[in-house]
Structures are given as structure tokens and as C-alpha cells.
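Asks: Chain by chain, the residues:
There are 2 protein chains.
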Amino acid sequence: MGNRLPSKPAPSLQTVILALQTYWADQGCVIWQPHHTEVGAGTMNPATFLRVLGPEPWNVAYVEPSIRPTDGRYGENPNRWQHYYQFQVILKPDPGDSQERYLRSLVALGIDPARHDIRFVEDNWEAPALGAWGLGWEVWLDGQEITQFTYLQQAGGQTLEPVSVEITYGLERILMALQDVDTFVDIAWNDRLTYGDLHLQAEKEHSLYNFERADVERLRLLFDEYEAEAKASLAAGLVFPAHDHVLKCSHAFNILDARGAIGVTERAALFGRMRDLARGVAEAYLAQRQAQGFPWLRSGDSREPATRPPEGDRAAPPSAPAPFLLEIGTEELPVEDLEAAISQLEQAFTQLLDEARLSHGPLKVMGTPRRLLVSVEDLLPRQAERLTLVKGPPADRAFDGQGRPTQAALGFARSRGVGVEVLRVQEIEGGRYAVAEVREPGDTADHVLASRIPEILAGLRFDRSMRWGAAGVTFSRPIRWILCLHGEHVVPLNFAGLHSGRITRGLRFQSPEGLRVRDPGDLLFRLKQQGIAPDIAERQEKIRQGVEALAAEVGGRVSDDPALLREVANLVESPVALRGSFEARYLELPRQVLVEVMRKHQRYFAVERDGRLLPYFITVRNGGSQGMDLVAHGNEQVIRARFADAAYFIRKDLEKPLEAHLPRLATLAFQARLGSMLDKSARLERLAAILAQDLGLSASERSVVARAAHLSKADLATQMVVEMTGLQGEMGREYALRSGESPEVANAILEHRLPRFAGDRTPESKAGLVVGLADRLDTLAGLFAAGMEPSGAKDPFALRRAAIGLAQNLIAHRQRFDVRRGLAQAAAGLPIQAPPKAIEACLAFINSRLKGVFEADHRHDVVEAVLAAQGHDPAGAAKAVTDLGRWVAHADWPETLQAFARCVRITRDQPAEHELSPDRLTEPAEQALFEALRRAEARPRDDGSVEDLLTAFTPMIPAITRFFDEVLVMAEEEALRANRLGLLQRVAALSHGVADLSRVEGF
Amino acid sequence: MGNRLPSKPAPSLQTVILALQTYWADQGCVIWQPHHTEVGAGTMNPATFLRVLGPEPWNVAYVEPSIRPTDGRYGENPNRWQHYYQFQVILKPDPGDSQERYLRSLVALGIDPARHDIRFVEDNWEAPALGAWGLGWEVWLDGQEITQFTYLQQAGGQTLEPVSVEITYGLERILMALQDVDTFVDIAWNDRLTYGDLHLQAEKEHSLYNFERADVERLRLLFDEYEAEAKASLAAGLVFPAHDHVLKCSHAFNILDARGAIGVTERAALFGRMRDLARGVAEAYLAQRQAQGFPWLRSGDSREPATRPPEGDRAAPPSAPAPFLLEIGTEELPVEDLEAAISQLEQAFTQLLDEARLSHGPLKVMGTPRRLLVSVEDLLPRQAERLTLVKGPPADRAFDGQGRPTQAALGFARSRGVGVEVLRVQEIEGGRYAVAEVREPGDTADHVLASRIPEILAGLRFDRSMRWGAAGVTFSRPIRWILCLHGEHVVPLNFAGLHSGRITRGLRFQSPEGLRVRDPGDLLFRLKQQGIAPDIAERQEKIRQGVEALAAEVGGRVSDDPALLREVANLVESPVALRGSFEARYLELPRQVLVEVMRKHQRYFAVERDGRLLPYFITVRNGGSQGMDLVAHGNEQVIRARFADAAYFIRKDLEKPLEAHLPRLATLAFQARLGSMLDKSARLERLAAILAQDLGLSASERSVVARAAHLSKADLATQMVVEMTGLQGEMGREYALRSGESPEVANAILEHRLPRFAGDRTPESKAGLVVGLADRLDTLAGLFAAGMEPSGAKDPFALRRAAIGLAQNLIAHRQRFDVRRGLAQAAAGLPIQAPPKAIEACLAFINSRLKGVFEADHRHDVVEAVLAAQGHDPAGAAKAVTDLGRWVAHADWPETLQAFARCVRITRDQPAEHELSPDRLTEPAEQALFEALRRAEARPRDDGSVEDLLTAFTPMIPAITRFFDEVLVMAEEEALRANRLGLLQRVAALSHGVADLSRVEGF
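Just so you know, the sequences run in chain order A and B.
So the first sequence is numbered by the working numbering: it starts at 885 and just counts up by one.
So the second sequence is numbered by the working numbering: it starts at 885 and just counts up by one.
Since the hints were derived computationally from the structure, they do not count as laboratory data.
It is possible that part of the hints are untrue.
In silico lysine-lysine, PhoX-like type, Cα no more than 25 Å apart, as pairs [what the hints assert, rightly or not]:
#1 A/1088 x A/1540
#2 A/1536 x A/1484
#3 A/1115 x B/1088
#4 B/1412 x B/1426
#5 B/1115 x A/1088
#6 A/1536 x A/1088
Computed Cβ-Cβ distance ranges for the label pairs, DEER-style [stated by the list, open to error]:
#7 A/1512 x B/1121: 43 to 51 Å
#8 B/1105 x A/1715: 34 to 42 Å
#9 A/1349 x B/1105: 45 to 53 Å
One side of the interface only, derived from the structure: several residues of chain A facing chain B at Cβ under 7 Å [to be verified]:
#10 902
#11 917
#12 918
#13 922
#14 949
#15 952
#16 1074
#17 1077
#18 1086
#19 1093
#20 1100
#21 1109
#22 1120
#23 1125
Where is the CB? At the ideal position from N, CA and C, for every residue including glycine.
Looking at chain A on its own, in the form it has when it is part of the complex (with noise of 0.2 Å):
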């Protein structure tokens, strides 16, 4: 029987079950059971998968043993198994308060969220197989993920109208937080017998079943045997049988995957399949409830109702300059959905007020992840008056011989509802029309926001939108509140299904939530009261002074993360940091894994000393001050074991060296017509040995680059990089110094994915920097070969960060290189043709990322002009740029300039070279000029150089000057003419392959 039962009592694995069961019962769900046959996930259960689809109501709870043959470890690791349960709550329609339905559950099971941090994070979920995606969260206890939350938007390819709420509970991960144990092996499962009692011996021989002895060969037999089960099944209208064998093709491609035995063009088509099978069922389903008359619809049944606007809030509206503030409240919103909807309610504010001649004082919008602040000081009562000129009839019809009024314009002035006698004449685009001065008097403020706001409101836009409730708005999150004030007024809006008044909610957990406020004033100072600060600024200063101090506390500091701080503050609405610690063994995993995981798993702050890690973390939790030791205890059995997770992760990477890692890659998709990541490591070792030539690597650098680009992507296909993509590049270095490779190669396997990010180092040696190149152009072209090219702010592939990264690793080394040649030399590897015109279009895209590159430095127009000539080369660009740029600084550089531009602008409109004969050269000046000319092309230049061809070209100027004072270029004489263009053509040439300085300012 199990060891180290807790010693305090808490709920049992059972009684959890229980009480979740019982509590959803309460919410009117139909309890189920678990499928027949095995599933990923509860949402394969037809009694979600299925009853999602079409206008029928539905709540259903119910356990879900979950298999996912992936995510086995042997029972070794502490909170994840192959194995486990989920407890599946489907709310369909969404019932308006989902999230607090769901907490109140969590209160049911003991937990007092006053002593815990309970947080939702950003979280979308999508099913490829399954045709099936949604947006929500994970659910935080403590830093756990305890829950999925999800209001569903699709499943097999249907939009589902209604929306349904998705909530799966990781029924372990509750238990070990309420059980105050380390592991699943420890979760009493009742009061005799531990999870690990029941489960660990059966997790082992799955675990090594899935991996290592299912038969391949039979697993693909069977998917193929299912599919043809399920399209026969699909065939004779059997939506269940179907069903079942759409799962079971699913179980045998997880097992399939598990062995590593799916390449990328299989797994694809695979997907695909199971894809169609899935929408199959789903139209199938959709068609028989259609036919059956949908029999679960009642009227109403579905539609939740809408708020009803409050009564009795009578409150006139302001007759005076007063206070406005709109609280939009939301269920939590993503970390970029927020900052974008605060940057777009800036600007669409400000815009309407303008518009809407209501004079106001500061206008500031403030956001937290539950809520959306737009908050105008002094607004006016009411829209300043208008006065507009109306043009009525023809004068000469408005009015007789005597300069009366005739009919019409007796009618034109009634029309506008003034007086005939305010009628002037006005002579308009030359004819005389009477016209009337129409004033209009302002409309009330209450007007005007209450019909525009909801127009600004649906006008937002978010990368991601959702739908949930009936009222067919989509937004980022649902909306579950409008507070609207105006001074102590409530501007009456109706958004989303929900009336504006003057409720707003506090922080969670703080009771009472639901608050009631007075004005604006009021309202931002309940909110300070419960600790909440709207301003984000605000949110992150708070948060950086409390990691600081608690750093400071061990003797430590955080580096400046400012990504980390933004989305840390974006996730809390009143910050209070904490601070956990973890053993110190740990700190023996490589430094970048331990930061990778408290920074992107978990958002934790790392804290170092002398560049070296402490075994300590800090994290922020929303608000409230009870419990700290609970919730950084809660923290550290989830970063315990995360690290513990990263450490059998590279445990079982080092069974083998980095090269058997690589065969694996064949089952990594790089991108569909450009094979798997395998094919692309092939592509870019030929490369790679190529660049290294042409770029004159010494033998035994070429030698470093040929292993190094062997072995760059290997570590793609290990379990701690495919566990967190960050890492790769660190991990294959760490690798392959355990693999017995030398440190050159091993260094650069890392430089090679530098620079990773914005303000990333750059690679040390020719090596990293030529295995880079070569992987980059390789994108690059192959991209852009398969049409791939980014679209808008699209860049699924993150060609915008290769391009500059290419670029910033030539300039840093000052390596000349001509990227067409290396684009060329790339696009010749490919798999597949690349046209012309896309390797133009990748040309023209990396110019680009260099002109952005350039221009944080540069003056534009100097940018324009270095990059219109040598763009293809950052290298050397960038010594241009640097250099122009100190020309075009110095006080001569107008005389300078145009003396070159008085040579180009007359022959820059020429359509051909004409050739220069020294001989035709008649005036002096001529000669001089030729001389000139002679002079500074005999300078030695080097390539591109500004300097070079400025140092040449100054002294030419006086020649220049007397030139076009003495001889007439456009002569009469044909031959005579042409060959002074000729000669002007030469010295414009100067600039070839330097700068177009015709796009330098004043030019």
C-alpha cells in the first residue's frame, strides 16, 4: 500500500469524483461515463464531440480516463503519465457565468480561493484530427495547470452556434495540490490504496509498450482497417459506429507516434484523413438530429437572456462637464488582446469625441486582464452647436424680380426649419443659389455615446476572436459587464446581450464581488480599495520594485526581462509577488533549460548572483495576501516538477549521441512541398559546405561547419527540445559536448540559431555564422519557392526573424556576401522549382528587414540610397549607411551632393549609355572634367564603399562647377551632345553598386 499518505485529511481521488459528479448534477448536467473505446481526451467522448454540434441544449459532466500514449514516462515523472483522468463538463449554451459555475466547484472540492491563487491563463485549444479548435485558458492553482477551460468554436469542421463551454479538470493535478503530495504515486486514491498502488504497474508496461513494443507494421494495418470500418459505418448512415472508429484510428496514430514511426509526409496525410472521417461524423450527426426535428430544443432552451436594464436607476444625466468612464469587464483576456484593445479604444475615443464636438478633458484607457477602462475627464453635457451653409434652389428661382421669395424658397427654408427671411444668396462653383444658415443645436452626450460605443466596441479587433453567447458578437473574451457612467448618470448601452449600469465586479474571491458605484471617481476608487490597479504601468512597476526587494531578500536580482514583465503584468489585476525556492540539485541541469521553464512554462522570474542561478523563483499572483506560504509551496511542486520532467527528458536524450537523434527528424514536418526537417538538415549541410568555399573558410573551419551542419537540427528530434522549442540550439550544444563532439562543432550547432530573438547575441565563429546562413537561405528560398511568403502580420514561419538574423550575423561578422548568389545557390538545392519572380519577391523581402535594421540608426533617405544600390550585401550596406551618414553630416555635403546631382539629373532621363570618345572632347572644360574623372577612377575602391567613392569624387567638384559653366551639354550637334552625356554618364556611374544618392535629401 502507498507510502507517505498525507498525514492531514483531504478529499480522496474518490471523493473528489464524488463531489465533482454531485456538484454537476446540482447544475442540471446529465452525468456520463467514460467511452467505450480509448480516447486522447474528453472531448472525443460523443458526449462532447457530438452533442457540441447543432442548436440542441446540453449539459453533461463526466470522467474520462484520457490516454495519450506520448506523454508516457515509465511512471517517472511526477505529474505526467501516458494515463490519467479528466472530469469533462460541457455547458452548452454558455450559461453567462461559466467561470463562476467552474470556481464554485472548486470551493466544493475545499479549496478556499482566498488562500490560493487561482488564475485564468491564456490558452487555446485546437484538435487538427478532430477538425476542432476553441479559445480559453488553463486554469492556475498555484502555478498548476488544474484545468482546461474552452469556449468550443468548432468541432469536425462545423461552427458551433451556440458556443459551448469546455471544462476539463485534471483530476491529479487538483488532487496533489489538495492532498499536498509530490506526485501522482502519492495521490490517495481512497483511504487504503495510492494512485501509484492502481496505476503505476500498468503506467510502466503501457509506457514501454507505446514506446518501444507495439508492432508498426500491425498499428498501421489497423489505422487503415478503422478508417475503412468508419467510412462504411459513415456509408450507412451509422453515426456511432462511426464515431467509434475515428477514435480508434486515433488511438492507433498516438501509438503510431509514439514510436516515432510516423515521417512527415504520413503523419499529414494521416491527419488528413482522420480529418475528413471526423467531419464526416460530425455532418452526419447534424443531419440526423436536423431529420429527427432536433428534439432537444425547447424554445428558450437555448438562448440565455439577456440582462434586463436596470430599474429604478434614474440618475439624470450630467448638466455639466463631468467625469465619463467605461468599464467593459470581461471574462481574462490574453496578454496581446488586451494591449490591443487598449491602443484601439485610445485611438477610436478620441476620434468619436472629436467627431462628436464633445469637448473633454485627459482621455485615458487602462486595462487588466478583466477589464477595459476608458476613462474621459470633463466631458461636456452635451455636442457643441453646428452651423452649416445648406445650399438651396438657383437665386434666380429663389427669389422674383423684386427680390421676393417665390415658393420654393418658401419651401426650401420650411424644409430646413428656418426662417424665409434668414435666406442669403451665395455665389457657389460659379452659380448663385440662395442659401440657408442651418445651426444645429448639440445632441445630448448621452445620445451619442450610447449609439456609437456599441459600433466602437464591435469595431474592435483581435488576432483570435470568439463567439459565446447568443448575441452574435465576437470579441476576444465573453463580456460579462458594461458599467458606463457619466458623472453619477449611466449612459444606457447595450452590448453583447448586456445592459450598461453601474455594477461593476472586484478582484475574484474578494467578497462581496459585485460592486456598486457611484460615479467614475467612485469607481476607480473601489477598485484601488480591492487592490486592483487598471493602469498597466502601474501594474508593472509595482511587480518589478516586488521581485526586486524579494531577489534582494537572498542576496540575488532578476535580469531585465521587460517581455516577461509585460505579460506578467497583463495577467493580474493587482500584482503581489512572491517568492519560491527549489533544490538545489537542480541547478545541475543546463542553465537555459531551468530559465526556459520558469520563464515560459511558468512565468517565474529567475534569480541569479554572479551570473549564476539561485535555486529560487518568483512569481506574482493576483492579489490577496492570505495563504502566501500555500500558494509558493503550490509553485514549487509545479516547477519541481517541471524540472523534473526537463531532467528525465534529457536523461533519456543522453541514452543515445546527438547524430542517432537524427533519423527522428524525418517524422518533423518542416513544411509540406519542402519535406520534413530531415530533408531540410540534407539541404543545409550541402549549403553549408558550399557557403563555407565561397566565403574562404579556412580547411579545418570547413570541417567544423560540415559537422556542426550535420548535426545542427538534431536536436529538433529530442524530447527536451520538442518539449520546449526555446531550448534547441542550447540543447544540441549541451548535447553534443556529452556526445564526445568537439567544442567548435558544439558551439556552433548554437550559434547557428543566433540571433534567436531582438537583441540576441550573434554567432562568434565563421562556423556558426556560415551554418546559420545556410539554414536561413534555405528558408528563405524554399518559402518563398513553395509560396509560403509572409502575408500581413501572418509569419507562421517566422521568415521576418531569419531574414534578419541573416543580416545582422553578416554585418556583426562584416562578412561581404551576395545574398542573390546565396539565394540562388540555395533555391538550387530545393525539392521543388523556384520561380524567378519568388526569389525576387525573398530579395526585395530581406531588403526590407534590412531597412528596418538600418533605419533604427539611419536617416532614411541615406538608408534608401545605400540599400537601392547594394542591398543584396548587409554587409557592406551597413559600412555605406554608416559612412554616408557621416557624409551627409559634414557642412560641405550640399556642395558635395550637388555637384553629383547637376551630373545625374541631366542624364538620368537619357534611355541609353552613350559612349564617351575622349577624342570628341572640344572645350577645356571638357578635358578638365575628363581628367577629373580619369583621376578619381584610378582610386582604389573598395566595393561599395561611400568612403571611397566620396574620397574620389570631392575632389572632381571644381571640374564639375566649371564644367556646366563653360560647355553647353545639350548641344546642337548631335555626336557632340552625346558624348558630353556620355561623359556626365561616367561620373554618375561613379555611385554604381555604391548609393543611388539621388534619393539623399536635398539631391
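Guided by the hints, dock chain B onto chain A, whose structure is given.
Replies: Chain B only, in chain A's frame:
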């Protein structure tokens, strides 16, 4: 949403599940989850199949959605679906009060046992594919089977030690009762949706899939693949993956079975393969747990403590004759076991008291399903004294010349505990010895009984015995208490871990159940008080009266059915008859179907008037008068569902003509070496044609025979007969008529089965006779040839019935027939060689049945005499037995027999036939006898006719008398002697083929 939700509040299905989970969790059970692959029953979940193995304690409860493809009815049947919910409980080891725990769980669901009829009805469970079996009961709630209650004895071929108690609730059945609904469809799942809402569509689809669509070749392939994967897993020591694949095999098999795709040979082979796998899994699991040191074993856990001897009950043994009563309290005994126990106890106690010299008054053994009672009146408190003569040393060594005792005599006397002065000398077997008369004082009855009764109990034999607790005892069902009183004294027994006491238990659900009694009379009084009739005859009489009265109330009567009466009487302790009714429309079903359903499935008495059934039934509940309506109503629901099922079967069966069912006979085994029922059907057809010819049937009769033989077995493949084999023949006739066969053919199909049981009618038509004859000859010859003749009481193929039926029919039709010839013809058609010895044994077997038939009405010697001569011809023998019986009753029979005997006796030891040469007949008396013989021989006689024989013989008597008076048979001259012997042999030969009169008494 569902219709007909019950208006009164009743728990929903999901509420019941929660209640059961809560209840069993409180009993210390692990609450487990359904398995992740299809199973036919909760037993297959590893939580049962694996965990019941080995010594470790294990208590678990879980819902198991169970899938049994062949049970699909497209959702049309009210309570039989291919997908349904079991609630499974395992208690290991048996806690000693499993039944009571179970019954309390029903109370927890809101079932008031006092208002219902709750019964434990024998039902033994076996899963050959799992190598598993157990003994136990169906639990009936008002006639509805709601639970299987089993003491598991084996699993995976492993004997279970300790035994596990398996309780399997049928949730839907319980819900139907609780909610008072007629069909699964209408069960309220929660307060909004019904079972039909949630499952009906899937049930229809799965039925269609399983019966009509699943790809047969694919399923065979899947079976093979799963098996291979199971084997590979076992080879790798992976128990759980192996078990999963065994389950997948089983499910594939089940669908194949539903598709009707499995022939006899294949079925046996697949079963064997699954059994081998299951054994492998079980062995591997056991080895694994053993290697882990059986980690769940804790001292004391797996052993129930024996009950403690009652303290402070010190009533002394009686000092005068006093009543004795032993009560063995059991869980419900099967009917057969109850009867077997009573008769064995009667014999054993009689013998015990006799041998133990315990004189006593009348001894009576009684019993109910829950108790065995041995009652003895006036039992002496002590054995009678015993005197024994003990032989000592020879007299001459015991006494010296002076007659004084020697040392030898002194030693002998001392060793026997007597004084030397009492030694006497006595002659024994020709020698003279010193002897002592030893007086043994009787032991107390208390001692004798205490030591001998446990031996008697241990010696009781049952058809199948079981183990339960840890005492290592086997019995028909668990023994739960022992009461043993001699007067007021508790006789201290110890058996099966129990100590005897003075506590009895009354009728279940009567309060209090445990009753303390003073003495035997008190016990019997208390039982009577509770309505318990311990005497079977008394219960039978009570039932008979109750049933008749209830039938009379509706103007009907019930047929005599002693077997049913006996069974019902042994199912209850306190019989209370009650009447229910059903919809008159069901009377349209074939009568035999209705009667069989009522009788076999439900043990109901059918009610009829003027030979037609009335829409009523009478059932017998176990005590109680509360809730009679409720009980009747429950039973009505059951029978309605049963009738609906029958109607469904018949409708399905009639979807094609009878002949079209024939091919499916290939899927039914007859016997392994004799092939399928289709093979048997073909043999029968061939043999019937031969017999029809041999028996001289007319051409039209022969064509009826041919057609009827062809169709005779077809109904075995129909669903109605598969469901109720007792309807074989009846359904054949019904379906034949509905398929357009002639009435003659239809009748012959039914008649070939006649007589089906003792007392049944025999066929009227020659065709029916012949087809039945062919069937039985094939069965008998075949099974004897295959070595499957009955042994002991076992007769799995009902060969006794076949032999008797064969004889009875021939007799009834007075159809002379040489069974020897018939068997030879049958043997010629068999697929295996029939050894001559086997056919001889078969004939002897038929003969001995025939003897049994005749001896019911005739003198033993008469029967023997006839059978010795013509046992091969039942009809002839029957007539001969009757005739001979009449003759031997005549007053002059001794004279006749004597005359014949004189001829036989003198010749019977002659090794050879002597030739009779009339020329050598020298004496007149010889010649006269010869003349008389010639006259007798010349009389026309029917083959085998006793009448003809004796009518011919009687006139010879004077000649015989004279012959022996005047002639010396054993003449000196050999030729003369031989001739005279030859003459007498001719006389004796008159009886050849008629009767062996030497076997008649008085010969």
C-alpha cells in the same frame, strides 16, 4: 426529450449511480472507472479479472458500460439492449455478510424490502473464454432480475484463493422498477433527459452495425492481429497491454458472432485461443504480484475471523431424553442441492445415531432455501453402554497348572482395565483363550454429536460445490450460522469457521432477523411465527392451494405441474401466491411460447380455461403481505418485457422462411467430432429416407418425411428457439406453417421432437415417428461412437431421454423395428468410425432404458425374459411383455413353465446344437413329442409373439410329460442321446426371439 417520465418522484439513473458509488465507498471499496476498451461485462475490467487473482485483499465498485452485440434488438426490446450499464462490486475476501451488504444497498436506493419480493435465485456463471466461473444467484426484485451475485471460484484458469464476491447490478432493470417504467427508453437519466434520449439512436445504429454491416473478413483479421499483439505483450511481460488485447479479441469475436459468421469449428477454436490468452494473462499477473511480494497483503486483511464461541451460554446438556435440533443456516441453496442435502442428512443422521447407540424418537430432516433442519425427538443424553468380549492370551499361558492366573493374565487384565478375577476361559475358533468382558460406559450425546456432525456436514455432496470464506470448506452455498440445541443446551460444534449457537435468523427483511431461541421447540415455533414452513410438503400444499384459489377467482385453473410446484416450493421459505395479468394481445403468441416464458423464465403458473390460456399468471413470493400490488405490478412488467421479446424474436424469425434459417445451423455445435447441427441435419435427412423406405411408408408419407427431415432442425437457428430451447419443434411447426409448408410437414417437424419429457405425448403421424426415429438413432449412434455415452448421473446430451423416446414412440405406434439395424444404418452415415463395441453398448443402453419403461407396469422377471430375446424391438417387446404378463398370471402357468423348463434345463448346457433325425426316434413317446412339436411349429406365429408361442406350446405339454416319463434322454448310446437332445432343443427353440423363459420366476 422523453415522454412518460414518471410523475412520482423517483431517483434518476445518475442519482442511483451516485448513491451506489457513495454506498460502496462507505463500505471501503475503491471507486473505479469503466475500462477503456469494449467489454461484455464488468468482470472483464482488469479491476475484476486481474485483481481477483492471488491472495491480496481488494474491494472495488464501478460502473461498466457493457457491450454484448448479440443482445442488440435495435432498441425495440424494452429491457434487452446490446449496450447497457452494469454496476460492479468486488469484495475480496468475502466479508461474511455480502448478501446483507448488498441488500442494504438496495435500501439505500429507496427500495423498501418489506414492500417487495426480493429473492436469490440460483444462477451459476461461467465465461469459458476467460477460463472463469462462479456460483451464486440472480437477485430478483418482484420477478425482475436486477443483479448477479456470484462467488467467483476461478478466473483465467486459476483457482481463486480467497474467493471474491462479485455483485453485478443491472442498473436499467433497477431503474425500471424504481421509476415504474416499462422500457429502458423511458428511464429518467436525470430530471430532463431519458435513457432513450441519450442512447436509443446509438442502440439502433450499433444493432444494425453488429448484425448487418460489420465487415466479417476484417473482424477475423482484427481478431488475429489483436491475438498476436496480446501474445507479443505477454512475451514481453506486459500484463495490462496483453489483457487489453484479449478484450479486443473478445469484442471482435462477439461482433463476428452477431454477424452469424462463426461456424462450430471456428467457435471452438476461437474460444480456445481466447482462453489460452486469458490464462497467460492471469499467470503473468500472478507472477508479477508475487515478485512484488503481494504488496497489498497485510496480516489479517485477507482472513475473516471465525465467529467467536458464544460466551456465557452455559445451559448444561440435558440429563433426560430431550429434543435435538440442528439448523444449518445458509445463503439460498439451489433447489437440487436442497433436496440432495435433505436426503443425505436423513441417511447420515440415521446412521450416526444408530452407530453411536443414541436412541431417539422420530427423526425428521426439513429444509428451505436458507436452512437445513435436522430434528430428533427424545434423543438420549448419553450412548447406551456397550459390552465387548476381548480375547486374551491362550488359556494354557494365562493360567498355570493350578488354574492360577499367570503374569500374562495379570497384564492382559490390567491392560483392559478389569480385575484378573473376572477373566474367563472360552473356546474361540478351535483354541481356548482367556477372555475379558469389557464394559464401555456410553459417551455423552454432546461429545458424540460435537465430533461427528462436522464430519457429516463435510461429507455432504452436491452437484457443484463452492468455497467462500477462508475455512477451506466447500458447500453448496455459504453457511452463515449453525444452531445446534439438545434441549436447552447448545451442542458445541465448529464448522466452516462458525461456532454453533442458539441464534437463528428469521425470514429476510422481517425484523429482527436474528432470533435467540430457547430450545428446539422454540425454534420451530419462532419459524412458524414468521411464516416459515420448514417442511417442503407443507410449502407445496400451501402453494397449491394458493394458486388454485387465485386461478379460480378469475374462472380459470392451472395445469398440474409437479416439477414447477416442487421448484417453486424450494425457492421460498414462506410461500405467498399472487396473481398478475398481462395484455390480452399477447395471447396471440403461440401458446407454448407463453407457457414456456412464464414457466421457464419466471416460474409462473399459467392460468387457463377450457384449454385456452387466460391473460393471467400466478407467482409465489417469499413471505410478506405488504405491497402485494407493487410486487404484482413488478412481475407484470417483467412478463410483459419477456413477451415483447418473444414477439420480437418471432417477428424477426418470420422475416425469412423457415428453410432460410438452415444455413445458420452451421454455427451451432452438435458435438466436436460429429460436427455442426447442419451436419446432423443432413445425416438425419439421409437416415429418415432410409427408414421411411424400410418401414414401408407410402409415397406421400415419404415425401412428408423428406421435407420434414430437411426442416426439422431449422428452428434451432431461429432467435426464439435460441432464446428458449424448450420451444424447439413447437416453433418449427409454427414457422413451417407460416412459411407455407403443408400441415403434415409442419406437424412432423413438431412430432419428431415428441416426447420431449416424461409424460409428453408421442407423434401421431408416421412421418413424425420416422423423422424422430432418425434423429434419435443418429444421436445415440453418434455420441456412443464418439465416446460420449452417459456416465454416472451425467447425461449432458440427454441420451436417456433419446433412448426412452425412441422406444416409447415405436411402442405407441406398435411399429416393429430392429433397433440394431437402425443403429447400423445410422452409424454408416456418421463422419467418424463407430467401433462395434460402441454400438453394442448403445444397444445395451437402449435396452436398459426399455427395461425401465416396462418395469413401471410389469413384473421384473417377465420384462427380463422378453428383453433377453427381443430387446432390439421395443414395440414387439412391449406386446410380448404384456402377453407374457397375462400368461404368468394364469393358474396353470406353473405347469406350462415346468413343461418348458424340463426341455430347456436338460439341454441348456449342451455345447452344440444336436441334429434331430426323425428316423432315430425309436420310442413312441419320442415320436409323439416330435409329432406335437411339428404341429406346434406348423402353427402360424407372429414374430416375437408370446401369445402365439404359448398357444402353440401348451398343446405339447402332455407329450412332454409322457416323454420324460418314458424316455431316458441321456441314453448310453451317443447317437440316440444326441437325437433326443436335438428333439428337446427344437422344443426349446420355439421360444427363440420371443422370450427367454428361463428368466421367469419358477423356472
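Asks: For every hint, state whether the structure bears it out.
Replies: Hint-by-hint comparison with the structure:
1. With a C-alpha separation of about 21 Å, the suggested pairing of residue 1088 of chain A with residue 1540 of chain A holds against the 25 Å cut-off.
2. Among the hinted pairs, residue 1536 of chain A with residue 1484 of chain A is consistent with the structure: their alpha-carbon atoms are about 22 Å apart, no more than 25 Å.
3. Of the supplied pair hints, the one linking residue 1115 of chain A and residue 1088 of chain B holds, its CA atoms being roughly 18 Å apart against a limit of 25 Å.
4. Proposed proximity of residue 1412 of chain B and residue 1426 of chain B is supported: the alpha carbons are some 13 Å apart, at most 25 Å.
5. At roughly 18 Å between alpha-carbon atoms, residue 1115 of chain B and residue 1088 of chain A fall within 25 Å of each other, so this suggested pair holds.
6. Proximity of residue 1536 of chain A to residue 1088 of chain A is assessed by CA-CA distance (about 15 Å); at most 25 Å being required, the pair is judged to hold.
7. Between residue 1512 of chain A and residue 1121 of chain B the Cβ separation comes to about 48 Å, which falls inside the hinted range of 43 to 51 Å.
8. For residue 1105 of chain B and residue 1715 of chain A, the hinted distance range of 34 to 42 Å is satisfied, since their beta carbons lie about 37 Å from each other.
9. Taken as a hint, the range 45 to 53 Å holds for the pair residue 1349 of chain A and residue 1105 of chain B, whose Cβ atoms sit roughly 48 Å apart.
10. For residue 902 of chain A, the suggested interface contact is upheld, since its CB lies about 6 Å from the closest CB of chain B, less than 7 Å.
11. Given the 7 Å rule on beta carbons, the hint for residue 917 of chain A holds: about 6 Å separates it from the nearest Cβ of chain B.
12. Restraint check, residue 918 of chain A versus chain B: the minimum CB separation of about 5 Å is within 7 Å; hint holds.
13. The restraint placing residue 922 of chain A at the interface with chain B holds, with a minimum CB-CB distance near 5 Å, inside the 7 Å limit.
14. A hinted interface residue such as residue 949 of chain A counts as satisfied when its beta carbon comes closer than 7 Å to some beta carbon of chain B; here the least separation is about 6 Å, so the hint holds.
15. Hint status for residue 952 of chain A relative to chain B: violated, with the closest Cβ pair at about 12 Å, above 7 Å.
16. The criterion of a C-beta within 7 Å of any C-beta in chain B is met by residue 1074 of chain A, whose closest approach is roughly 5 Å, and the hint holds.
17. At a threshold of 7 Å, the smallest CB-CB gap from residue 1077 of chain A to chain B is about 6 Å, leaving the interface hint in force.
18. The interface hint given for residue 1086 of chain A holds, since its Cβ lies 4 Å from the closest Cβ of chain B, which is under the 7 Å cut-off.
19. The beta carbon of residue 1093 of chain A is positioned within 7 Å of a beta carbon in chain B (closest approach about 4 Å), and the interface hint is therefore held.
20. This hint is violated: residue 1100 of chain A has a C-beta 12 Å from the nearest C-beta of chain B, more than the 7 Å allowed.
21. Evaluation of the residue 1109 of chain A hint against chain B yields a held restraint, the C-beta minimum of about 5 Å falling below 7 Å.
22. Checking residue 1120 of chain A against chain B by beta carbon gives a least distance of about 5 Å; that is within 7 Å, so the hint holds.
23. Of the supplied interface hints, the one on residue 1125 of chain A holds, with its beta-carbon coming within about 4 Å of a beta-carbon of chain B, less than 7 Å.
Hints 15, 20 from the list above are not met by this structure, while the remaining hints are.
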